[in-house]
Amino acid sequence: MKILIIEDEAELLVSVKSYLASEGFLCETAADFDSAILLIDMYDYDCFVVDLALPKGNGLDVIERIKKKNSNAGIIIISAKNSIDDKLKGLELGSDDYLTKPFHLSELNARIKAVLRRRNFDGKNVASYGDLKIDLNAHHVFINENEIILTHKEYELLLYFLSNRNKVLPKAAIAEHLLGNYIDQADSFDFIYSHIKNLRKKIMDSGGADPIKTIYGLGYKFLNVESA
Amino acid sequence: MNLLSRISLYYVIVSLSVFTAGGLFFYTTFRHEVYEELDEQLRDEKRNIERILSSSDTIPFFYSAVNSQIIIHPAPSDLSIKLQRIDTIIVHAYEGKIPFRQWRFTFNTDKKNFIIVIRKSLIDLEDLSEKIIYAFFISFITLLLGSLAVNFVLIKYTLRPFYQTLHQLRKYSLDHSGRLKVGHTNTKEFKELNKTLELMTERIQQDYKKIKEFTENASHEIQTPLAIIQSKLELLMQFEDMGDQQASLIQTAHEAADRLSRINQTLILLTRIENREFISNEKIDFGELTSSLLSQMNEQFLLKGLKTKITAHEPFFYAIHKTLAEILISNLLVNALRYSDAGSEININITKNSFSISNPGKPFSFAPEKLFQRFFKKTSSSGSMGIGLSLVKTIADVHHLKVNYSFKNSHHIFALVI
Numbered sequence: 001m002k003i004l005i006i007e008d009e010a011e012l013l014v015s016v017k018s019y020l021a022s023e024g025f026l027c028e029t030a031a032d033f034d035s036a037i038l039l040i041d042m043y044d045y046d047c048f049v050v051d052l053a054l055p056k057g058n059g060l061d062v063i064e065r066i067k068k069k070n071s072n073a074g075i076i077i078i079s080a081k082n083s084i085d086d087k088l089k090g091l092e093l094g095s096d097d098y099l100t101k102p103f104h105l106s107e108l109n110a111r112i113k114a115v116l117r118r119r120n121f122d123g124k125n126v127a128s129y130g131d132l133k134i135d136l137n138a139h140h141v142f143i144n145e146n147e148i149i150l151t152h153k154e155y156e157l158l159l160y161f162l163s164n165r166n167k168v169l170p171k172a173a174i175a176e177h178l179l180g181n182y183i184d185q186a187d188s189f190d191f192i193y194s195h196i197k198n199l200r201k202k203i204m205d206s207g208g209a210d211p212i213k214t215i216y217g218l219g220y221k222f223l224n225v226e227s228a
Numbered sequence: 001m002n003l004l005s006r007i008s009l010y011y012v013i014v015s016l017s018v019f020t021a022g023g024l025f026f027y028t029t030f031r032h033e034v035y036e037e038l039d040e041q042l043r044d045e046k047r048n049i050e051r052i053l054s055s056s057d058t059i060p061f062f063y064s065a066v067n068s069q070i071i072i073h074p075a076p077s078d079l080s081i082k083l084q085r086i087d088t089i090i091v092h093a094y095e096g097k098i099p100f101r102q103w104r105f106t107f108n109t110d111k112k113n114f115i116i117v118i119r120k121s122l123i124d125l126e127d128l129s130e131k132i133i134y135a136f137f138i139s140f141i142t143l144l145l146g147s148l149a150v151n152f153v154l155i156k157y158t159l160r161p162f163y164q165t166l167h168q169l170r171k172y173s174l175d176h177s178g179r180l181k182v183g184h185t186n187t188k189e190f191k192e193l194n195k196t197l198e199l200m201t202e203r204i205q206q207d208y209k210k211i212k213e214f215t216e217n218a219s220h221e222i223q224t225p226l227a228i229i230q231s232k233l234e235l236l237m238q239f240e241d242m243g244d245q246q247a248s249l250i251q252t253a254h255e256a257a258d259r260l261s262r263i264n265q266t267l268i269l270l271t272r273i274e275n276r277e278f279i280s281n282e283k284i285d286f287g288e289l290t291s292s293l294l295s296q297m298n299e300q301f302l303l304k305g306l307k308t309k310i311t312a313h314e315p316f317f318y319a320i321h322k323t324l325a326e327i328l329i330s331n332l333l334v335n336a337l338r339y340s341d342a343g344s345e346i347n348i349n350i351t352k353n354s355f356s357i358s359n360p361g362k363p364f365s366f367a368p369e370k371l372f373q374r375f376f377k378k379t380s381s382s383g384s385m386g387i388g389l390s391l392v393k394t395i396a397d398v399h400h401l402k403v404n405y406s407f408k409n410s411h412h413i414f415a416l417v418i
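From first to last, the protein sequence lines stand for chains A and B. Okay, so the first sequence: first residue is 1 according to the working numbering, each after it adds one. Okay, so the second sequence: first residue is 1 according to the working numbering, each after it adds one.
For the record, the hints were derived by calculation from the structure and aren't laboratory data. Some clues are possibly wrong.
Coverage of chain A stretches by chain B, computed from C-beta distances (three or more under 8 Å per stretch; other residues unrestricted) [unchecked claim]:
{"id": "1", "segment": "100-109"}
{"id": "2", "segment": "138-145"}
Here are the simulated distance ranges between beta carbons [said to hold, decoys possible]:
{"id": "3", "chain 1": "B", "residue 1": "248", "chain 2": "A", "residue 2": "201", "range": "37 to 45 Å"}
{"id": "4", "chain 1": "B", "residue 1": "406", "chain 2": "A", "residue 2": "119", "range": "50 to 58 Å"}
{"id": "5", "chain 1": "B", "residue 1": "397", "chain 2": "A", "residue 2": "68", "range": "28 to 36 Å"}
We treat Cβ as the ideally placed atom computed from N, Cα and C, and that holds for glycine.
I would like the entire structure built from these sequences, with the hints used as guidance.
Shown next as structure tokens:
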């Protein structure tokens, strides 16, 4: 999978590239409007990560250019502005998602994977990870062919873990993913703790191996299993 | 009490006391003069009678009228009365009671002794006093009312620029008005007042704009460095061979960055709400929205063993941006969720013009108004940012909704009222 990251802040660009590369994506980068346009015109990508505030141009024009090329690639906007207008304009132009800076790398990764899933798994939308199988359309989860019943949040949590396999997920990132912004999240850590506990229990009760490792002090890690 | 009535009241009080004092002084001086005059007449009469009695052996006849009486009686020779001067009342056959000034004294000739009473009617004096007081009173009232009316009109006219300025100031808002518009005036003090106010509001407006720009810029500029910090920490976390100590250091830094980022985002949101960037005429059904938010948050409530109950008497519709309505209601719900004891019930009560959420709890140890202050923390250990309820308040204020807090029957009740 090839991703073009268009972001003018060099250090952020490095971070995003490094995280996504470790997820197996092939990443190319552009730090300003002109080089972004150049790369868009020359190569094909599966997904674009676009910062709206660019030197020498506007990210929304970049999106227009991508769409002009009749590309079917996913587009995710990252912006420091969190403006509803920009968000709506971006979505109108055909972008798939909008993330406000600062964001968690794991969140960006999960969103990219969600976009790619929606685009690529067209008919068959079942993914397998070791003894775990997920029907992404029907939201069903199976362990060794036995269905386990997850609550809505547990399902979201599992997908988030699966998108970021073998990565340490900080508690704050999980909390934000499950609960969203703008809400005082004082008790959220208890909340995610009990969800992870329940998810583990459900998987293990059905005979699956415990996939979630607690990383002392940091958060949780979903252990990589061979993708079948 | 307004300026006009206050000035008029003082005017009336001062005039009343001046007039009363003046009236009293006038009255006593007048009475005093009249008595002097009467006593003078009586003294002449006394001298006259004494002269006649000295030269005559018998008691001569003196003519007594209604208003002037002379009575002479023989008296024992050893009787001697010092001159008595009194006011008295004599009952007359036709005229009724008549006040008199009376002198009573004894007079000794060589052969005889007399007791003499002479009186002069005071009735003219009383009549005169009455008429004077009456006239005085009438002119006082007329004068007072007249000058009060003149004053009233004058004050109202001269104070007009002041009231105009006041009106403009009352309408003035730093957010929406440009310059303060004051009316024209020729009065020096009002000119100065208006000029000072114009300069002052202009300066305040400039400062306000600068501060607002600074806050907005600062908040936005903070986002990118924060994003870098957060992303670097997240990359750092991925290293395999990390000790517990390092891990805990990274975690602490990450949580702080995350907290900072959320505070910053909320502050930006608050500013944007105050700038009225979210305007929508779409009417949101609060009951429906609450149900959908509750179903999203369902697991959080279940986890604490909390029950929720929506009682909708009538639907509550309000024109508000959907995002803001969601933030408004979720923060109230999260607040109830956080401060309810496990196993209790949260009630959401909806009427045509109010939306309230109540949860059981103990009364607060602080003034409830503080609840809505930014960064006010109910307990030091709650870990809450203290910004949720101030967000609620800002959203409500901008949309002309009232947020009421009350504590009834051991329940905290937050209500949005149209």
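Here is how each hint holds up against the structure:
1. 100-109: Answer holds; 7 residues pass the 8 Å Cβ test.
2. 138-145: Violated: only 0 residues of the segment 138-145 of chain A have a Cβ under 8 Å from chain B.
3. 248/B x 201/A: 37 to 45 Å: violated (27 Å)
4. 406/B x 119/A: 50 to 58 Å: holds (52 Å)
5. 397/B x 68/A: 28 to 36 Å: violated (45 Å)
Violated hints, listed in ascending order, are 2, 3, 5; each of the other numbered hints is respected by the structure.
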